[in-house]
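Chemist: Please put together the full structure from these sequences, using the hints given.
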Amino acid sequence: MSEYLAMGGYAAFVWPAYGLTVLVLAALAGVSWRARTAARRDDPGDGA
Amino acid sequence: MQRFANPLRFKRLSGALLPWTSAATVLLFAAGLWMALAASPADYQQGETVRIMYVHVPAAWMAMFVYANLTIASAVALVWRHRLAEVAARAMAPMGACFTALCLATGSLWGKPMWGTWWVWDARLTSVLLLFFIYLGYVALANAFEDEARGNRAASVLAVVGAINLPVIKFSVDWWNTLHQPASVSRLDAPAIHADMLIPLLTMAAAFTAYFATVLLWRIEAALAANRAAARRMLAEAGPSAAAPRVRR
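Sequences listed follow chains A and B, in order. Position one of the first sequence corresponds to residue 734 (the working numbering), numbered consecutively onward. Position one of the second sequence corresponds to residue 52 (the working numbering), numbered consecutively onward.
Just so you know, the hints here were simulated from the structure itself, not pulled from any lab data. Each hint should be verified, as a subset may be incorrect.
[What the hints assert, rightly or not] Label pairs and their computed distance ranges (CB to CB):
#1 B/D198 to A/M734: 53 to 63 Å
#2 A/T770 to B/W172: 24 to 34 Å
#3 A/A759 to B/L187: 17 to 27 Å
#4 A/A744 to B/L59: 18 to 28 Å
#5 B/N228 to A/A744: 23 to 33 Å
#6 A/A744 to B/W170: 16 to 26 Å
#7 A/A759 to B/R132: 45 to 55 Å
#8 B/F184 to A/W766: 23 to 33 Å
#9 A/L738 to B/R132: 53 to 63 Å
#10 B/A282 to A/G763: 33 to 43 Å
[To be verified] Covered stretches of chain B (in silico footprint by chain A; criterion: 3 or more residues with CB under 8 Å from a CB of chain A, positions within the stretch not fixed):
#11 88-100
#12 103-114
#13 150-161
#14 266-274
#15 277-289
Note that the Cβ used here is the ideal one computed from N, Cα and C, for glycine as well.
Modeler: If you want it as structure tokens, here you go:
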């Protein structure tokens with residue numbers, strides 16, 4: 734397991750790349766989802 | 052296309068699409084991350100750093116794919132004053148900026164161990180950095196005016212003019228000498244990449260695309276609902292005689 738996490742000595746590059754990707758995509762999705770929830774609270778109708 | 056200009060029709064369409072795009076996002080990311088981090092082999096030259104490719108290349112493709120969509124939506128907004136195109140363009144620009152930032156950051160993390168440097172001012176990296184600034188400029192310009200219509204027009208013009216940067220990015224690795232490798236997937240002959248790496252790469256690219264579709268639909272729905280709420284408030288403030296008609300539930 735620790736050998737896997739070491740990524741052949743490149744852990745300091747591989748894991749931050751994946752961590753950043755997950756962080757940015759999750760934050761963008763979270764912000765967008767919350768904006769949608771808030772906007773729908775203000776406009777609950779079916780909006781013709 | 053015109054049929055989906057109607058916000059109500061759009062809402063029905065997005066309601067029908069969202070379950071599929073969100074399920075595809077979850078499944079494709081699960082499969083793609085497993086392949087990228089576990090099932091795929093290390094590269095014979097690059098070792099384990101090749102795994103950075105599975106997030107870097109999809110982020111780069113999305114940075115350009117989103118910009119192509121932004122250009123089309125902006126052109127439609129400029130020519131036909133198409134309301135949904137304006138909303139879609141505004142909704143996708145911050146997403147494109149995020150993909151471009153990820154492309155640059157993961158590229159740096161890959162460049163340091165493989166090229167020996169975080170950054171070089173060569174044509175590919177510089178033109179992608181320019182793309183990032185164009186996205187930021189779009190967002191700043193779209194929100195710079197009190198009159199939203201003026202902001203939309205100014206930002207749309209920037210988006211259309213900035214599209215000249217897309218072919219520069221694509222062909223920069225062929226036109227100029229650079230540390231960056233040339234295209235290995237989209238070539239006229241067979242891809243210069245083994246299937247053991249191509250399949251995880253394409254799966255991750257599909258996951259990014261499904262993610263983009265899902266979050267973009269959320270963002271457009273949010274913008275349309277916010278517009279309606281604002282219009283209703285304005286009508287209510289105009290007095291009881293002009294009060295907003297009750298909306299069917």
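Chemist: For every hint, state whether the structure bears it out.
Modeler: Hints, one by one, checked against the model:
Taking the beta carbon of each, B/D198 and A/M734 are about 58 Å apart, inside 53 to 63 Å as hinted. A hinted range of 24 to 34 Å for the beta carbons of A/T770 and B/W172 is inconsistent with their spacing of about 43 Å. The beta-carbon spacing between A/A759 and B/L187, approximately 21 Å, falls within the hinted interval of 17 to 27 Å. Taking the beta carbon of each, A/A744 and B/L59 are about 51 Å apart, not inside 18 to 28 Å as hinted.
Distance hint for B/N228 and A/A744: a CB-CB separation of about 32 Å, consistent with the stated range 23 to 33 Å. At about 21 Å, the CB distance of A/A744 to B/W170 agrees with the hint of 16 to 26 Å. In this structure the supplied range 45 to 55 Å is violated for A/A759 paired with B/R132, their Cβ-Cβ distance being about 36 Å. A C-beta distance of roughly 27 Å is found between B/F184 and A/W766, which places it inside the suggested range of 23 to 33 Å.
The supplied range of 53 to 63 Å is met by A/L738 and B/R132, whose beta-carbon atoms lie about 54 Å from each other. Taken as a hint, the range 33 to 43 Å is violated for the pair B/A282 and A/G763, whose Cβ atoms sit roughly 27 Å apart. Only when three residues or more bring their CB closer than 8 Å to a CB of chain A does the claim for the region 88-100 of chain B stand; here the count is 5, and the claim holds. Residues of the region 103-114 of chain B with a Cβ under 8 Å from some Cβ of chain A number 4, which satisfies the need for three, so the listed coverage holds.
Given a C-beta distance limit of less than 8 Å, the hint that chain A covers the region 150-161 of chain B holds, as 6 residues qualify and 3 suffice. Check result for the region 266-274 of chain B against chain A: holds, 6 residues qualifying (beta carbon to beta carbon below 8 Å, three or more required). Counting residues of the region 277-289 of chain B whose beta-carbon sits less than 8 Å from any beta-carbon of chain A gives 4, enough to reach three: the coverage restraint holds.
Comparing the model with each earlier hint shows violations of hints 2, 4, 7 and 10; every other hint is respected.
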